[in-house]
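Participant: Heads up: the protein sequence lines correspond to chains V and Y, in order. Counting in the numbering used here, the first sequence runs from 1 upward without gaps. Counting in the numbering used here, the second sequence runs from 1001 upward without gaps.
No wet-lab data here; the hints were simulated from the structure. Model, not experiment: these values are computed from the prediction. By construction, the Cβ of each residue, glycine as well, lies at the ideal position given by its N, Cα and C atoms. Among these hints, one or two may not hold up.
[Said to hold, decoys possible] Here's a subset of chain Y near chain V, in silico, CB distances under 10 angstroms, partners left out:
1) Q1052
2) P1059
3) E1060
4) L1062
5) V1063
6) R1066
7) I1099
8) I1106
9) N1124
10) P1127
11) T1151
12) M1152
13) L1153
14) A1178
15) T1181
[Unchecked claim] The calculated label-pair distances, taken between Cβ atoms and stated as ranges, are:
16) H1137(Y) x T346(V): 43 to 49 angstroms
17) A311(V) x G1182(Y): 17 to 23 angstroms
18) P120(V) x D1032(Y): 52 to 58 angstroms
19) P273(V) x D1032(Y): 32 to 38 angstroms
20) E182(V) x I1084(Y): 42 to 48 angstroms
21) D1167(Y) x D175(V): 42 to 48 angstroms
22) S1009(Y) x G256(V): 29 to 35 angstroms
23) I1210(Y) x Q93(V): 33 to 39 angstroms
24) S1009(Y) x T346(V): 54 to 60 angstroms
25) E222(V) x R1138(Y): 45 to 51 angstroms
26) S219(V) x V1208(Y): 32 to 38 angstroms
27) R1138(Y) x Q93(V): 30 to 36 angstroms
28) A311(V) x S1082(Y): 54 to 60 angstroms
29) P177(V) x E1028(Y): 31 to 37 angstroms
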Amino acid sequence: MTGARDAGAGPAGGSRELVLRHLAGLPVDRLPAMPITMMFAARLAGVPYADYCRDATVLARAQGLVADTFGFDHVSCISDPTREASDLGATIQWFDDQPPAIDESDALLAEPRHLAALRPADPLGGGRMTDRIRAVELLRAGGGSTRIVEGWVEGPIAEGADLRGINTLMLDFYDDPGFVGELFDFATEGAMAFAGAQVDAGVDIVGIGDAAASLVGPSLYEEFVWPREKRLIDRIHGLGAKVRLHICGNMSRSVGAMARLGADIIDLDSLVPLEAARVAAGPDQVLLGNLNPVTELMGSTPEAITNRLAACHRAAGSRWIVGAGCEIPAATPRENVAALVAYARTSVGTA
Amino acid sequence: MPGYERLASAILSGDQATAAGETRGALEGGADPQAVLDAMTAAMDIVGARFQSGQIFVPEMLVSARAMKEAMAVLEPILTASGIHPEHTAIIGSIKGDIHDIGKNIVAMMWRGANFEVVDLGVNVMPARFVEAAREHRAAIIGISALLSTTMLGMRDAVRAIRAAEDLAGATIIVGGAPVTGEFATAIGADAYAPNAAAAVDVARAAVGIGTSAPSAS
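Given the sequences, and given the hints that come with them, work out the whole structure.
Facilitator: What follows is the structure in C-alpha cells.
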C-alpha cells in the first residue's frame, strides 16, 4: 500500500500542510476548518442528493465547489452510512434528495445465523464502496495536493446496526452478547479493508462514523465497541493515514475512553460540553466541533456564530479544529458557513 | 409498589419471563388487575427516571419495555374483561421521508408503559395520515419524530395540517428527534418538545392532566 503522505511531503501544501502540522502539534498560523458537508454541498452544487451518493464525479465536483467557495481545509467522501451494507446485500431505501437509509424491516442479518455465511464485501468489487474509492481518486486529482482528502468508513457499532437493524441490535446486547461481538468483529474487518483501499487511493485522513455508540452507555461502549474501534484506528495508523472519529449523540461520559483510542481528531456532537470534554480528553487531544447544526448554525446569525465559536475555542483550547457538531444542514445560509470559516481564518492558539 | 416487588424488579432488569410469570401468579392469586397495572406503570416510571439521569441507556430501556410488554400480554385480557381501558390514546409516527424509527419506537413503548393506548403509524407518515389517524382514534396526543435535519422540516406541514382540522383542536402535538429543539417546536407551532422518551411521558401526562409522582431513579 502506498500510504498517506507525511506532513512535509508533496507540494507546498496550504490547507493540507496546515492541518497535518496542527495534528502533529507543530505551530500553525491559524486554526483549520473541517466541517462535515454532505447535503449542503449537494445543494450548493444544485444536484439531487441521491446523485451525490451514487456518482463519485458528482460528489467530487460538489466537494470541490463547497471547499473552494468557503475555504474549507479538506474535502471529504462522506455521504451516507449505507455504502458498506449495500455492497454486502442489505436492502436500501432511496430518496431523491436525502440520504439513503437501511430498511430495517428487511435487515440483512434478521437471522443471526446468517452472519457465519456472510462474506466481506470487496471495496474494489464495483459497488458503492468502489464509487467512494473513485471519489477519493477524483478528489486527490482535483486539489488534493493542497487540501486534506478525507475518506470515510462506518465503525463497528454503526455497521453492526446497519446489518442487524438498530432496534434489534440494542436487545442483542442482552440476549446474545456473543453474537454482538462476532458481528462487530465482522464489521471491523470490513472497515479495515475499506479504509485500506481508501488509503491506497490517496486519503490523508480516514473518518470513522460510529453513531450508534451514543445509544449505549459507557459500560457497553467500552466492552463491545471500544476494542474494535481501537483495532481499526491502529490499522489505519499502520497504513500511514490519520483518523477522525465522529460519534453523533451525547458521548459526554465516554470522552476519556474515546481519547484513549489514539484517534488524531475526536469530532464531538453538540450535546457534549467542550469544557468537560477537554478535561476528560487531556490537553493534547485534538477536538473538533461542536456547534448545534440546527440552532447554532442553520438558524443563527454570523455574529452569534462567531461568539459561539469563540466560546468553543476557549473551552477546547488551541488543540481544536473548527466545525459543527454534525453535518451542516442543507438549508444553512451561506453567510453562516462563511462566518464559521472566517473564525478559523482569524484565530490561532488559545482564545 | 408493595406486594409487587418481584414484578417491578423483573421489569427493571428486563427479565421478561419473570415479569410475565409474576403477573400470572398475581392474577391467579386474586390480585386486583388495576393494582398490577399500577405496579407495572410505577416500574416503568423508574426506568424513565433512570434513563433521564443517565443511569441506564437505550438497550436497558428497551429490555425493560419488552418485559413490560410481556407482562401486559398476560394482564391485558383481564383488564379488558374487567372493563379497564387506557383513558387516553396517543398516535405516533416518523415524519414523511424519514424511515428511522428507534426514537419513535422507544417513545411508543414508554407511552404504553405509562398506560396510554398507543397507535404506531410507523415511518414515512404523511401529514394527512396524522390527521386521519388522530380522528379515527380520538387521539389526545400526537407524536411526530424526525432523525434528519432535512425531514425535520416536514414536521411543519404535519403540524399545519393538524391545526387546520378544527375537530383536533384538543389534541396535543409533541415533536422530538435528534435534530429537533424546543425552539424549532415553538417555531412550527407544536405544543411541546420532548428531548427524550422519558420526557415524552412527562409531557404527555401533563397534556392530559395526569400528575406524576416524581419516581426515584434508585
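Participant: Hints the structure violates: just list their numbers, smallest first.
Facilitator: Per hint list: 1, 10, 16 and 19 violated.
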